[in-house]
Amino acid sequence: MSEPNPRDTVATDPAAAAPAVPERRRRRLGAPLLIGGVLVALIVVLALVSFVWTPYDPGAVDPAARLESASPAHPFGTDRFGRDTLTWIMDGARITLLVGVVAVGIALLIGTPIGILAAVFAQYPWGGWIGAAIMRANDILLAFPALLLAIIFAAVYQPGTGPAMAAVGIASIPGFARVARSGTLQVLGSDYVRAARAANRSPGAIAVVHVLPNIAGMVIVQASVTFAIAVLAEAGLSFLGLGTQAPVPSWGRMLQESQQFLTTHPELALWPGLFIALAVLGFNLLGDGLRDRFDPKMEVR
Amino acid sequence: MAETLLDVAGLTITPADSGAPVVDGVSLTMAPGERVGLIGESGSGKSLTALSIMGLLPEELSAAGSVTLAGFDGNVLEASERRLARMRSDLVSMVFQEPMSALNPLMRVGDQIAEVLRLHGGVPRAEIPARVRDLLVSVHMPDPDGARFAYPHQLSGGQRQRVMLAIALANSPRLLICDEPTTALDVTVQKHMLDLISERVDAVGAGLLFITHDLAVVAGLCDRVIVMHGGRIVETGSVAEVFTDPQHAYTRGLLASSDLEATDENGRLFTLRTAGEYAGPGGTERSDPLSRFAPPPPGGATDRPVTASARAVVRRAQSAPEGGDPDPLSDPDPLIEVAGVSKLYRSGGLLFRRRRPVQALESIDLSVARGQRLGIVGESGSGKSTLLSILAGLDTPTTGHVRVGDITVESASAADLKTLREHLQIVFQDPFASLDPRMRIADIVAEPLIAKGIGREEREARVEEMLRAVDLEPATMRRYPHQFSGGQRQRISIARALVSRPQILVADEPVSALDVSVRAQVLNLLSDLVDDYALTLVFVSHDLGVVRHLCSDVVVMKDGRIVEAGTTEGVYAHPREEYTRSLIAATPNLAEALAGAR
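These protein sequence lines are chains D and E, in that order.
Using this note's numbering, the first residue of the first sequence is number 14, and each one after it goes up by one.
Using this note's numbering, the first residue of the second sequence is number 23, and each one after it goes up by one.
Isolated chain E, as found in the complex (with noise of 0.2 Å):
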């Protein structure tokens, strides 16, 4: 490497009131126009590493070691704000994960642009509307004439991280930093959004420092990648070395935990701690994720998960129309039945303007076998959450009906609600906002049992008994909610959920908040629960890997209708739809970017 572009070299971040170092001692070189790819979860320095290369570090954390960049003299970490205001965008730009906050709300889109032109780039005055025009063009932007002149807000998330982009590489930047620059937006956006990083970065030669906890999306895009878990690197290699022989074990376990795609031998998702089985991205001991679904073979293991699923696979739903029949024995109606709903939202408009009311759902029709493991899938705004709230009795459909057992939901008593409630329970997708903060974990989990009127003796003992079950010590009863992390929070939501022994668990982005290590724990206890406590699972997610895993059948949603339904094995393999098609087509695969990589 005759020349580099980036040199970071023994990089300590403290926080100011002493403690342990949450970056500790992170050395990496770029050579000029290489893509590294940062790979770590929450928590593991990777943006802080980042924000010291811009030397954006907040104030409360002290930096020690250095960070020298070509073309700027001296350490990034020790020189003045005015000389790094100069070096930012010159030298080094960045791209943040939420676009919506990164641009300023009240600011046309061009201004913006122009503004970074006007600040750095020597542009004639009179060039910069062209300049701008350029720009916009480049990222791809669609009208380029008109979006000059609109507001953030009236772009979609998509668009304003191509704008982000255009201001990150108004100025030719010799490094462009990307800190999860599409985890906020829907997969096919994603897609495309990741194509134009690719291809913005070769046009103006810039290197660039891509930031992120998905591998499949690093595995497509960097030649390099660098591994960071607890403040320091544990890895660094070519993709290929690292994703296919990883060394270090937390490498392994986060490959391993990532995909979805392979089982162990109970069918169970591999873990951090299990992931020395794990055979590598497309190896050959591959099981296939669907065999789960198969009816147990005969003579073969017939451990716990295996059978459970075969159970769910004899109730299929009648809906689905590659599905199996159903067993008429068991059961002859479903369980949930949702007939031409619609829902629509009508904001108020201000005095005089009445607003265009928004179709939310759109005549959904739609149902759920007892048993029966459905998900829900689609982008965001396809109305897959109004759905589960008006499932669950929390939103009223504007027309249609919904049947869950007995209960004619849209047209519930207050008794009815309450019976509705006790059947049905919700997991949500954020577990930081989902727990009441000023309560113990104890009185949360607790909650639906005393709504139900179960006595003090009988509810202890049934809120450790469910704690017990989704693997939390009950010595952690008397714990607040910030005293847990992400992982754990969302297994006391699903407690909460479980302890009245509902029939019915509906879940929303259960896990599209949690790290990818965590998220493979919690989908094994979902799917161990939903075995053993018999439940029927409706399950909503935007991530198809993760619906695939656990759900026997699904429905595509889009703007606010059911695109497509039928068994996941169906579905996937031969997707009828155009939509369904680019979403599967959308979702980055490690393996399939490993092939394209070599």
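Extracted from the complex, chain D is given alone in its bound form (with noise of 0.2 Å):
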């Protein structure tokens, strides 16, 4: 018998072919990935670092330093009242990530499992209706305008970080469930869910084992570019007054109150605005950077 070469006892050979085949590919990040990470670190790092140090107390007031443009003592100057503006850019990077968590945690934990509990249900032909149900059902809280669902919350409590952020959470729920739902439904529809149902695996199990992490991906994305959406929310309603309320430094406050200096100092409005777009800009590219990296077309090549 001639000897195949090496090649083909790799090929034959079981044990020595697992080696063999080429680990996962280490994949190269992306620009948008790279960059939307870059920004995203960056607005952590400063909420992380007002913590422990400011420039100056958010709250003090300088009389004799009002309306100051930029200098060593105040790199991007001061408001008003005399406030140092890079402080409040610091501080108010807290309450746009909490916001951002809080929102896309209640959208998250809620409209996940809404979205896998309609596309379970809509496999048995028992429970076709529930799942259609649970649906439109989400179609009706989409059709509600979160500025609506934000005023109401504002009115009926009071004014504040709190009934934003559930605004914001609640009216980010059906984008989620959709998400989840196609998700879950092209996984359902697999072969190894075939198999794991043939192997007498229960729905539930088969919803935690198989679909959970085969639909985290998107689930993750869907959180990234619901965060940019959430920060865009909080900064606009507190603009409106609806949203942080004074003293608590918030970048969409402190482009309300420096609307009336715009003629005079726009600086006053640049700084919170810069932050807010680039706080958005690096979630949404964070966003379209993981989506790369999930998209399951993307694996096969």
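Hints are computed from structural coordinates only; laboratory data are not their basis.
Where hints are given, some of them may not hold.
Stated by the list, open to error - Reference excerpt, derived from the structure (chain E facing chain D, CB under 8 Å, subset only):
hint: 1; residue: R290
hint: 2; residue: A414
hint: 3; residue: E444
hint: 4; residue: E469
Stated by the list, open to error - Cβ pair distances, simulated, as ranges:
hint: 5; chain 1: D; residue 1: G43; chain 2: E; residue 2: E100; range: 24 to 34 Å
hint: 6; chain 1: E; residue 1: E82; chain 2: D; residue 2: Q258; range: 45 to 55 Å
hint: 7; chain 1: D; residue 1: V221; chain 2: E; residue 2: A483; range: 18 to 28 Å
Predicted model, so just to flag it, every value in this text is computed and none were measured.
Note that CB positions come from ideal geometry on N, CA and C, so glycine has one too.
Assembly of the complex is requested from the two constituent chains, each provided in isolation within its own frame, with the hints serving as guidance.
As structure tokens, this is what we get:
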């Protein structure tokens, strides 16, 4: 018998073949992921540092240094009460992140299970209407403007960060439910779920063991994009006075307070505006980058 | 060779992020009008070689070497996109494997053919419709006048591939490249398509570079073959030379493992490793594939496969008309009984339009005895996979009864279904889709045991034992599916199916997505396991050769009905139905193709 060449041996011997199969190829970090990650990290660092150190006390009023331009003492200048803008930007990052985390948390923890449930029910002949009912209720919520919800919340409770976060979070639930539902339907239609059903796994076990890990990528992408929307929404609500209240520093309220000085001191509006834009851009790019990574179509190549 | 049509010299293709070349120093030449078969398994670099001849290599890959074509000035690999665009279709054309994705779904096929004529042909505008019709006639399109206005989804797979061929040959290129053009087609359609390619290539006087993994297809079609393996050409020569006297060990292994009629002295298929003993297609030492199902010769070899298969013969189905009498002592009742099963699929129509329901299965009667190996053969759309889903309780029949053991499947309670699934397991077709990509192998194989409520320690021991049984190192347990090849994944699927010790194994085309050499290994493994675990096997396949090798009895399905049933031996030797005969005749056979070529 002629001996096959080494390549053949590798191909036929299962023990030897396993290590020969290339490990998951190191994927290059795409530019969106990299830039998004850096921007998000910048905001997070700002917020974290503000807990231990800020150039000035955010509440400190200095009548002698009102509406100052950038200087070594105040790199971003001061507002009409002489408060340091840089300090306020750093402190405001906290609220921005808090609102994002809480709003996304509410939407993710409620929306994802709803979506998975709707898809799981749709699998059964008797459960089709339940799945449909869940999704139609979801559509009604989707049709309800987030701003209106926030105004109602502010009217019922006191206007503040809490109601604003809740309003943004609840308004974001339909997005998560839809993403989770479509992902779940896809996973439930796959051969490995059929195999799991044939192996007697219960629907609950299939949802936890097979569905959750496989839709995690999509949900993370949705979370990142929703985070950006939440940041923008918080700024908007605070601008309208429905969000974070004085004296807690917030980028949205800084924008609102700088309105009257827009012609004389435009930099007062520039800084909070810039940081809102950077945060939104950062989370959006992060979402795009993560989508590229998790997209199943990209794995085929 | 006075004139060359194509000259590829030292073609090396490397992925952009460095690493080993995927095509390594490939050189080949073709004379005008020559038909060359390029053979290789997945990952051999055969398709990339073809793409670089077309100048269609993906950007992430960089190619070195030279590709020159008669009538094209310079190296194809270095030419500008503008010049390549002119070259394609005028000089070289290509037919791809999947005709649905190669055609624009939103464009009528007549327009797609016309587009090629307009861009390249220099055909006067007024003559284009007539030319399109001529082309459709030339590829034997049924109803060529109506077909022009059809969208791709309205055509069958074979018809789409005909359209592709019409487009490829519209401008009479000098070279036609076909990349597995018939792999996605049914065997009876494949045969017509191969004849058509042969006819059309002759008609326009083009050279043919035919890429395939199927040796028998090449033998009937080509003059010369090139065998690629691991990015290199390992052997080249005339069809007769290469197929009867292969020089390279790999070619030999490929030939041996693709021959499902030849077995070694243990009744097992040849693999790359055991190919040394292979006598060649139609060789004198070739064993009768069906002898394994005969009782063991007295005093002859008494090794496991022969005796075990003999068991299967004794327990033959009652349903088989030509089958021997079933042993009344061992099994008075069949283990699986399907009676009058029909399945209708009702697709939801738009608002007021009610779509016609699709009849997937129509009054199927079937019974499988304990220990029997039943093959279900049929082309796509014959309802064979639907039947399997119903057997496994994953789908319910519209009418009819299914009994597996004591369980009536169509009206089974949740507890009954649970019992059914403990005794009946499935292996799916696509090894890439049937394993959860985010689970470790150990967890995948352990799933049926978890569902059964077996403790962790026993679970791990049984998973390890099962992985050994399918020839996988238990050390690979911590890995994820993407780290395994197709054949290994299919073995993992088999391990998952058998770990809970079912009595019945249902396999849905388990080897049709695998390379030839891997296919032989998996079939051997499956055969051994069926014996070792005393399984009843229901094996669905479109491949008659595979069923013939593995199964004692066969059922032939067409359009949701059973057209013929009987022992494998009986059906193959004396098919009663016209459809079965055409199916057998259309299956490419290496030995016959070689005999015809000589």
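Next item on the list: Go through the numbered hints given earlier and state which of them the structure violates, listing their numbers in rising order.
Entry: 1
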